[in-house]
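**Student:** Sequence:
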Amino acid sequence: MAATSKRPQRKAAPSVSKPSTAVSTSANKQVRKVVLAYSGGLDTSIILKWLQDEYQCEVVTFTADIGQGEEIEPARAKAVKMGIKPENIFIEDLREEFVRDFVFPMFRANALYEGEYLLGTSIARPLIAKRLIDIARKTKADAISHGATGKGNDQVRFELGAYALMPGVKVIAPWREWDLLSRDKLLAYADKHGIPVDFKKRKGGAPYSMDANLLHISYEGGILEDPSFEPEANMWRLTVSPEKAPGKPQTIELTYAKGDVVAIDGVKMSPATVLTKLNELGGKHGIGRLDKVENRYVGMKSRGCYETPGGTILLAGHRAIESITLDREVLALKDDLMPRYARLVYNGYWFSPERELLQGLIDQSQETVNGTVKLKLYKGTIMCVGRESKTDSLFDMKISTFDDDGGAYNQADAAGFIKLNALRLRIGANVKAQRKAAVAKKAVKKPAAKKKAK
Numbered sequence: 044m045a046a047t048s049k050r051p052q053r054k055a056a057p058s059v060s061k062p063s064t065a066v067s068t069s070a071n072k073q074v075r076k077v078v079l080a081y082s083g084g085l086d087t088s089i090i091l092k093w094l095q096d097e098y099q100c101e102v103v104t105f106t107a108d109i110g111q112g113e114e115i116e117p118a119r120a121k122a123v124k125m126g127i128k129p130e131n132i133f134i135e136d137l138r139e140e141f142v143r144d145f146v147f148p149m150f151r152a153n154a155l156y157e158g159e160y161l162l163g164t165s166i167a168r169p170l171i172a173k174r175l176i177d178i179a180r181k182t183k184a185d186a187i188s189h190g191a192t193g194k195g196n197d198q199v200r201f202e203l204g205a206y207a208l209m210p211g212v213k214v215i216a217p218w219r220e221w222d223l224l225s226r227d228k229l230l231a232y233a234d235k236h237g238i239p240v241d242f243k244k245r246k247g248g249a250p251y252s253m254d255a256n257l258l259h260i261s262y263e264g265g266i267l268e269d270p271s272f273e274p275e276a277n278m279w280r281l282t283v284s285p286e287k288a289p290g291k292p293q294t295i296e297l298t299y300a301k302g303d304v305v306a307i308d309g310v311k312m313s314p315a316t317v318l319t320k321l322n323e324l325g326g327k328h329g330i331g332r333l334d335k336v337e338n339r340y341v342g343m344k345s346r347g348c349y350e351t352p353g354g355t356i357l358l359a360g361h362r363a364i365e366s367i368t369l370d371r372e373v374l375a376l377k378d379d380l381m382p383r384y385a386r387l388v389y390n391g392y393w394f395s396p397e398r399e400l401l402q403g404l405i406d407q408s409q410e411t412v413n414g415t416v417k418l419k420l421y422k423g424t425i426m427c428v429g430r431e432s433k434t435d436s437l438f439d440m441k442i443s444t445f446d447d448d449g450g451a452y453n454q455a456d457a458a459g460f461i462k463l464n465a466l467r468l469r470i471g472a473n474v475k476a477q478r479k480a481a482v483a484k485k486a487v488k489k490p491a492a493k494k495k496a497k
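To convert, note that position 47 of the sequence shown is 90 in the numbering used here; the numbers rise steadily by one, no gaps.
A portion of the hints provided could be inaccurate.
Simulated crosslink set (EDC-like; lysine to aspartate or glutamate; CA at most 20 Å straight-line) [to be verified]:
id, residue 1, residue 2
1, 344, 334
2, 419, 286
3, 173, 139
4, 194, 337
5, 92, 185
6, 76, 220
7, 320, 308
8, 301, 399
9, 291, 323
10, 417, 431
11, 173, 108
12, 335, 159
13, 311, 140
14, 320, 108
15, 76, 130
16, 422, 275
17, 213, 202
18, 128, 177
19, 422, 220
20, 417, 296
21, 419, 296
22, 301, 370
23, 173, 220
24, 441, 456
25, 173, 185
26, 311, 139
27, 301, 220
28, 181, 101
29, 377, 323
30, 301, 406
31, 419, 431
32, 417, 435
33, 433, 410
34, 327, 296
35, 301, 139
36, 287, 323
37, 419, 308
These are calculated hints, taken from the structure and not from any lab test.
Just so we're clear, the structure is a prediction, and the values are computed from it rather than from any experiment.
Could you build all of it, start to finish, from the sequences and the hints given here?
**Tutor:** In structure tokens, the structure reads:
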């Protein structure tokens, strides 16, 4: 799916009035051709027709497979039925590019937004923005359009990416222009224009909004808007519940080359195949569920539930291999920079100079992140049970052993090390003691207050 609106489900209005969708026509006439991020679903099909009617322009559709688990080829027939020229229909499999050029670089940074969220939705948006602009250039379009609402983060992510790559492009965001703000109005518009609506959509569909790609599935809106509501067990789609996961643990081995997983259990795989396999393994063992209230970039708090089984394994494995291949201060610096990097991804600044600068630093650090990690998967948990790097390990058993090290490490050297590091603490303690003594001395010299005569 090229994009999803990720809009909360709304209660049905008591009555349906004739939809009004008019917007200013002065800017409309300046748009000749627009590239639409098109999934073939209800929302983007309505947007397609709305663009044709309101902007009177040629529409190019772009549909991407980024691992959402749905057939994308039917979008071609739907677009043709709605009058789109065959040469203006772009359907692309972007799974390898998504993992290789976006997911893997992000995981080299160990990125977590607000300490928990693995950025599954956030990291997909810059790729879609990139392809929208590529197609706009190829087809000589002067505008792009997306189905993100005016309340969410995705509008920011799509548009910051687009403007970074094509500063003069016009962005059309229908949810910020039209008044089709209820399900009834959307259905009335679809019926009026002969846009097919499946039974589930007409009945209200799922009680929440979902967005999926090869890294994760997110659930939000609808009944999940109450942060005290526990999600129903049948909501989760990628993972079994930890309680129902196998009672026997499974140990897997990940092989890393320059910070990226290149093989699982000794079998070499492409980036997308790696993530697909890890999703399967993590899902089987109930790994990767998250229920979180996060801070959206636009200012509000939002509750989201996420399934990221493969990504959760990737993070655990990457931290394990870095633990023996990265210098202490390099690792500490990466940890200091990680929250900033994660916010840049979450807020839509993938193509910003500061993210690219950080990426260069992070990628340089990964030159030595080579080796293997063994992870034990069991009922929603991941435990590292072994890590090895034959070429880049900084773990020296001769020095770290508690047994006789044959003089590799002189324990007497620790005394001077400790004294030097304690110097500022000792100075501070002495000054504090002198200050306390001075206060006590002053209190002794102060004469007692005279009692008043009765």
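**Student:** For every hint, state whether the structure bears it out.
**Tutor:** Okay, the hints, checked on the actual structure:
{"no.": "1", "hint": "344 <-> 334", "in the structure": "holds (13 Å)"}
{"no.": "2", "hint": "419 <-> 286", "in the structure": "holds (17 Å)"}
{"no.": "3", "hint": "173 <-> 139", "in the structure": "holds (15 Å)"}
{"no.": "4", "hint": "194 <-> 337", "in the structure": "holds (14 Å)"}
{"no.": "5", "hint": "92 <-> 185", "in the structure": "holds (18 Å)"}
{"no.": "6", "hint": "76 <-> 220", "in the structure": "holds (18 Å)"}
{"no.": "7", "hint": "320 <-> 308", "in the structure": "holds (11 Å)"}
{"no.": "8", "hint": "301 <-> 399", "in the structure": "holds (18 Å)"}
{"no.": "9", "hint": "291 <-> 323", "in the structure": "holds (16 Å)"}
{"no.": "10", "hint": "417 <-> 431", "in the structure": "holds (9 Å)"}
{"no.": "11", "hint": "173 <-> 108", "in the structure": "holds (14 Å)"}
{"no.": "12", "hint": "335 <-> 159", "in the structure": "holds (8 Å)"}
{"no.": "13", "hint": "311 <-> 140", "in the structure": "holds (17 Å)"}
{"no.": "14", "hint": "320 <-> 108", "in the structure": "holds (17 Å)"}
{"no.": "15", "hint": "76 <-> 130", "in the structure": "holds (13 Å)"}
{"no.": "16", "hint": "422 <-> 275", "in the structure": "holds (19 Å)"}
{"no.": "17", "hint": "213 <-> 202", "in the structure": "holds (10 Å)"}
{"no.": "18", "hint": "128 <-> 177", "in the structure": "holds (18 Å)"}
{"no.": "19", "hint": "422 <-> 220", "in the structure": "violated (47 Å)"}
{"no.": "20", "hint": "417 <-> 296", "in the structure": "holds (4 Å)"}
{"no.": "21", "hint": "419 <-> 296", "in the structure": "holds (9 Å)"}
{"no.": "22", "hint": "301 <-> 370", "in the structure": "holds (15 Å)"}
{"no.": "23", "hint": "173 <-> 220", "in the structure": "violated (24 Å)"}
{"no.": "24", "hint": "441 <-> 456", "in the structure": "holds (17 Å)"}
{"no.": "25", "hint": "173 <-> 185", "in the structure": "holds (15 Å)"}
{"no.": "26", "hint": "311 <-> 139", "in the structure": "holds (15 Å)"}
{"no.": "27", "hint": "301 <-> 220", "in the structure": "violated (46 Å)"}
{"no.": "28", "hint": "181 <-> 101", "in the structure": "holds (14 Å)"}
{"no.": "29", "hint": "377 <-> 323", "in the structure": "violated (29 Å)"}
{"no.": "30", "hint": "301 <-> 406", "in the structure": "holds (8 Å)"}
{"no.": "31", "hint": "419 <-> 431", "in the structure": "holds (15 Å)"}
{"no.": "32", "hint": "417 <-> 435", "in the structure": "holds (17 Å)"}
{"no.": "33", "hint": "433 <-> 410", "in the structure": "holds (14 Å)"}
{"no.": "34", "hint": "327 <-> 296", "in the structure": "holds (16 Å)"}
{"no.": "35", "hint": "301 <-> 139", "in the structure": "holds (18 Å)"}
{"no.": "36", "hint": "287 <-> 323", "in the structure": "holds (15 Å)"}
{"no.": "37", "hint": "419 <-> 308", "in the structure": "holds (13 Å)"}
Hint compliance for this structure: hints 19, 23, 27, 29 are broken, all remaining hints hold.
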